[in-house]
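A.B. asks: Please work from the sequences and hints to get the whole structure.
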Amino acid sequence: MNSKSIGKIAIGLWIVTVITLGYFFYFGSTSRSLDNRTAIHLTPAERQLVLTEMRALLTAVNGMLGGLADKDYESAAKAADAVGMGLVASLEHQEKTILLKLPVEFKKLGFGTHEKFDEIAAKIRKKQDIHNLLKEMDELTRNCVACHASYKIELDLEKK
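Per full-length UniProt numbering: the sequence shown ends with 160, consecutive numbering throughout.
These aren't lab readings, by the way, just hints derived from the structure by calculation. Remember, it's a predicted structure, so these values are computed and weren't measured experimentally. Misleading hints may appear alongside valid ones.
Derived Cβ-Cβ restraints for the label pairs, each shown as a range [said to hold, decoys possible]:
{"id": "1", "residue 1": "T43", "residue 2": "C144", "range": "42 to 50 Å"}
{"id": "2", "residue 1": "A10", "residue 2": "K126", "range": "53 to 61 Å"}
{"id": "3", "residue 1": "F111", "residue 2": "D156", "range": "20 to 28 Å"}
Cβ atoms here follow ideal geometry from the backbone N, Cα and C, with glycine treated the same way.
C.D. replies: As structure tokens, then:
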């Protein structure tokens, strides 16, 4: 085999690798579930991490509402801060393998939700009008509703 043939094979393998990674980055490890949502296939540990993060988001919403109801703006802002982009950065090492398995729309929704928590925390600290804050929280929780209506996390049966 001459060097031109080896070069063509190497380039071909590189293209296949890039296309495969691009496919998984965009579509993730998914299938259509019985209830017509997109099922994301994760290992038990990955599934646990995602569900723990979702419970933290719900706990933060509860803390924000409780703080605002008590006019404790700092407590409400801290609850929001706890699940903002700082949480994403702290989980970055654990989530690296998961990110390839998540479809791009799920990632956009998730990162957008974490960013929204940071935005609301800043607005709470500025003591914006409660009706404006509630409107922001309504938009935030619409992300949660959209996510749960569109996706479900299933165990990757091959890696159980």
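A.B. asks: All hints, please: hold or fail.
C.D. replies: Quick rundown of the hints versus the structure:
1. T43 x C144: 42 to 50 Å: Violated: the Cβ-Cβ distance is about 24 Å, outside 42 to 50 Å.
2. A10 x K126: 53 to 61 Å: holds, 56 Å
3. F111 x D156: 20 to 28 Å: Given range 20 to 28 Å: holds, Cβ gap about 23 Å.
Figure legend: structure checked against the earlier numbered hints; the only hint not met is number 1.
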